[in-house]
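Student: With the hints as your guide, set chain B onto chain A.
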Amino acid sequence: MAHRLLSGVMNYSDTSFAQSTTAPFLSLEAVRKTYPGVVALDGFSMEVRSGEVIGLVGENGAGKSTLMKILGGVTRPDSGSIAVDSVAHDGLSVEQSIGSGIAFVHQELNLFENLDVAANIFFGREPLRAGPLKLVDRAKLREMVAPLLKRVGANFSADAPVASLSLAQQQMVEIAKALSIKARLVILDEPTSSLPMAETEKLLDVIKGLKAEGISVIFISHRLHEIERVADRVVVLRDGTLAGTLAKDRINHDEMVRLMIGRMLKEREKAGEATRAPGSVALSVDAVRTSTYPDRPVSLELRRGEILGLAGLVGSGRTELARVLFGIDERLGGSVTLDGKPLDVGSAADAVANGIFLVPEDRKLTGILLDLSIAQNISLPNLPAHARRSLVSTSAELATAEKQKKNLGIKAPSVATRTGTLSGGNQQKVVLAKWLAMDPKVMILDEPTRGIDIGAKAEIYGLMRALADAGVAVLMISSDMEEVIGVSDRIAVMHEGQISGILDKDDFSQENVLLLAVGKTPKLLQAAGGTQ
Amino acid sequence: MSKKDLGLLILILVVGAVVTAINPRFLSAINLANTSNLVALFGILSIGQAFVIITGGIELSVGSLIALLGTLFIDFIAVREVSWPLAFVLILVLGAIIGFVHGWLITRLKLQPFVVTLCGLLIYRGVARFYTADGTAGFAFGQNFPTLEFLTAGRSGGLPNSFIALIVIAIVMWVVLHRSVFGRYLYAIGKNEEAAKYSGIRTGQVIISAYVICGVLTALSAIYFAMYTRSISPASHGQFYELYAIAAAVLGGFSLRGGEGSLVGVILGTVLLQELQNLVNLLGIPSSLNFAVMGGVILIGVLVDQQWGVFRARRRMMEATRQNVAGAPAE
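The listed protein sequences derive, respectively, from chains A and B.
Taking the numbering used here, the leading residue of the first sequence gets 1, the next gets one more, and so forth.
Taking the numbering used here, the leading residue of the second sequence gets 1001, the next gets one more, and so forth.
The set of hints was computed from the structure by calculation and includes no laboratory data.
A quick note: this is a predicted structure, and the numbers were derived from the prediction, not measured.
One or more hints might be untrue.
Computed list of lysine to aspartate or glutamate pairs in DMTMM-like fashion (alpha-carbon distance at most 25 Å, straight line) [what the hints assert, rightly or not]:
| id | chain 1 | residue 1 | chain 2 | residue 2 |
| --- | --- | --- | --- | --- |
| 1 | B | K1191 | A | E113 |
| 2 | A | K364 | B | E1260 |
| 3 | B | K1004 | A | D371 |
| 4 | B | K1110 | A | E113 |
| 5 | B | K1110 | A | D362 |
| 6 | B | K1110 | A | D329 |
| 7 | A | K505 | A | E301 |
| 8 | B | K1191 | A | D329 |
| 9 | B | K1003 | A | D371 |
| 10 | A | K441 | A | E402 |
| 11 | B | K1191 | A | D362 |
Isolated chain A (complex conformation):
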């Protein structure tokens, strides 16, 4: 083990040495982690050797983030073991994780934008000058930072303010920071998801550089072609289990997709078929642009009586579209019509007045007011209807709430219960209840079943179908593949701010959705003649 103790100073050793190491740096054995109602990881095993680049792929919700939390010491597994340098642990603490040389570069960077590069890299560990004032030794600091920046191939100086750097450059700072603490495993979580092409190239070069130094890398990405290019091995997660491992010579796009979605024709969990043919177009979106993707127009038609699933990867612009349609964000261009009439919503209040309702992604921050009672939450968007001469009628409020509580099966001691004390599923029902108590024309649901147990999920699917059957146009944004396929009547898929394709029921398959989500052409779709 002697060479391991030296690992910090042998970063420049040749790759053959690093790869000749037999015992893996890190190995996970049968790790299991459950959250109430969800098995996040189930009997998951993997190992990481020194100087190895592992591509980690899986759909949203496959268990990647839970795995990261376990490696970072943020959560402990329920069972299984994690061995670092062949020393087994039940779970890591944050200190152990850092002490073992595991470093993270997250999608959201943790840098102080107001400080310069050097200060960020050695934040809290600055070299100090002698003397009682303990001033920062800036010369020494620059000396220490220079080689780190060279190793990541930085094209910026140590005293550049972080705010002036591009996203890829900021990621290099993060990686340099990881190197400064003598990291042996750098975990990159979706580092390229918001990078333009040229910047991505730079980052992939940095990954190769790390590998050459004998540092291991776990590279998590939805961009499979990048994985193809840098990974030595690909680990595929599906539903919290290891779906498969691909050795270097077997890494290719189709294999990864196949493992990610499992059997080609997986049983669907259906939420009831539509009982009527979709009606007239309720909401028509024409060349609408959002502030996140100002140069990508989105066009979409939503019919009465249908559930249109809106699939896509996280960050593909689905939530932004919903926020524009609901009047929270400004519409940058294009037009929207409701029942054939031009519609201009400048605020959520306008949207609500027109019968366009949103069940937002973040239930606790935007969906409901946790401090208010169930009844107060339900009446809030429609308070004037529960008032006489501008004074709130508590009895009218309670009557509406009681009715909705019964209809939706909200489980709570009474409608006066504070919503903050309810379970996630019941909170979500309250969000739905406040809109159902009014007269929805268009119902937009953003990740309606996230963090909700299976029983409540099925009830919410049932409610959505009932709404559609009543002639409401339902738009459901979801990252849960089975949900999208099982619930929708049509599926629109977004990729980097644009609708990359719309699938009719006959063309529904996880593979098609996933191909569209990563910007590829769905093969089946073309064979079937295509839609859109």
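Tutor: Frame of chain A; chain B shown alone:
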């Protein structure tokens, strides 16, 4: 009346009893009338402040506004010979306009309430001093406005008319805050502005309205203060009054984060503050210690309230864990 308000009332009575025991003049008719007049003046001001605080905002300019609007009012009726009812309405409208501008800057231009109203504090004080050329605004000898004086500084059956005005305003504002649709919106916005917006509430309009209400009530109290002092030197008139108003709201159980507090609370907070002022005078405590006494009492009050809250939250949590094996809060 909530438990919080009840606790405050008991504190007021206890302090009153102690002061009376030491100096019985506390309960004399003249002292009570004087104190209730001051409670009325500061009470009207504090109710306005409370409407802003409930939204999670703050209004720091009210002290300076009292100087500016008071100066203008006296100038209008004493120098420019505007009829007093017209001047009265003009001042209220001016207060509304200033409140509107503050609210507009905060909601539309997304400036922080603290910054906007701090600038107001400086601007209005400066304008008031400039307007009188740093002189004093007052009435000429023998100038009389009997009706106005009766309404503002007069008494009915021993009760100051200002105090009667406070009671009427308090009842109206209680209904607005605790019973109206608008009041519910105010609380919702104070609790979680984003969620309120996502529920289709026009949060900007509601917040602007809160600042307008504060502006109008401040203007009204400015007239009362002007008629109470009868002469105004704009450099010092109304100084620190914004802090009295904020202190009354905080003592009355308002959270500066918004969404919490009751109208009864802010009135009781005002009463306690004036009682403390009175106590300093009656007990022969050096009046230079005035602010120190107030600050100390507010600090202790807030501390006790906060610790009580922590205690209750802990108890609630323990009960919840004991009951909820069936798992109500799943996340």
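Student: Run the distance test for A:K364 versus B:E1260: straight-line Cα separation, threshold 25 Å.
Tutor: At roughly 19 Å apart (the allowed maximum being 25 Å), B:E1260 and A:K364 satisfy the hint.
Student: Hint check: A:K505 vs A:E301, CA-CA at most 25 Å. Holds or violated?
Tutor: Holds, because 16 Å separates the two Cα atoms, which is no more than 25 Å.
Student: Given the hinted pair B:K1110 and A:E113, is their alpha-carbon gap at most 25 Å?
Tutor: holds, 22 Å
Student: Straight-line Cα separation of B:K1191 and A:E113 no greater than 25 Å?
Tutor: violated, 30 Å
Student: Is B:K1003 within 25 Å of A:D371, Cα to Cα?
Tutor: The given pair, whose Cα atoms are some 18 Å apart, holds under the 25 Å limit.
Student: Given the hinted pair B:K1004 and A:D371, is their alpha-carbon gap at most 25 Å?
Tutor: Status holds; Cα separation ~18 Å.
Student: Holds or violated: are the alpha carbons of B:K1110 and A:D329 at most 25 Å from each other?
Tutor: holds, 15 Å
Student: Given the hint that B:K1110 pairs with A:D362, test it: the Cα-Cα distance must not exceed 25 Å.
Tutor: holds, 23 Å
Student: Given the hint that A:K441 pairs with A:E402, does the C-alpha gap stay at or below 25 Å?
Tutor: holds, 23 Å
Student: For the pair we were handed, B:K1191 and A:D362, check the Cα-Cα distance against 25 Å.
Tutor: holds, 16 Å
Student: Sort out whether A:D329 lies within 25 Å of B:K1191, counting only the CA atoms.
Tutor: Holds, because 22 Å separates the two Cα atoms, which is no more than 25 Å.
The structure shown violates just one earlier hint, number 1.
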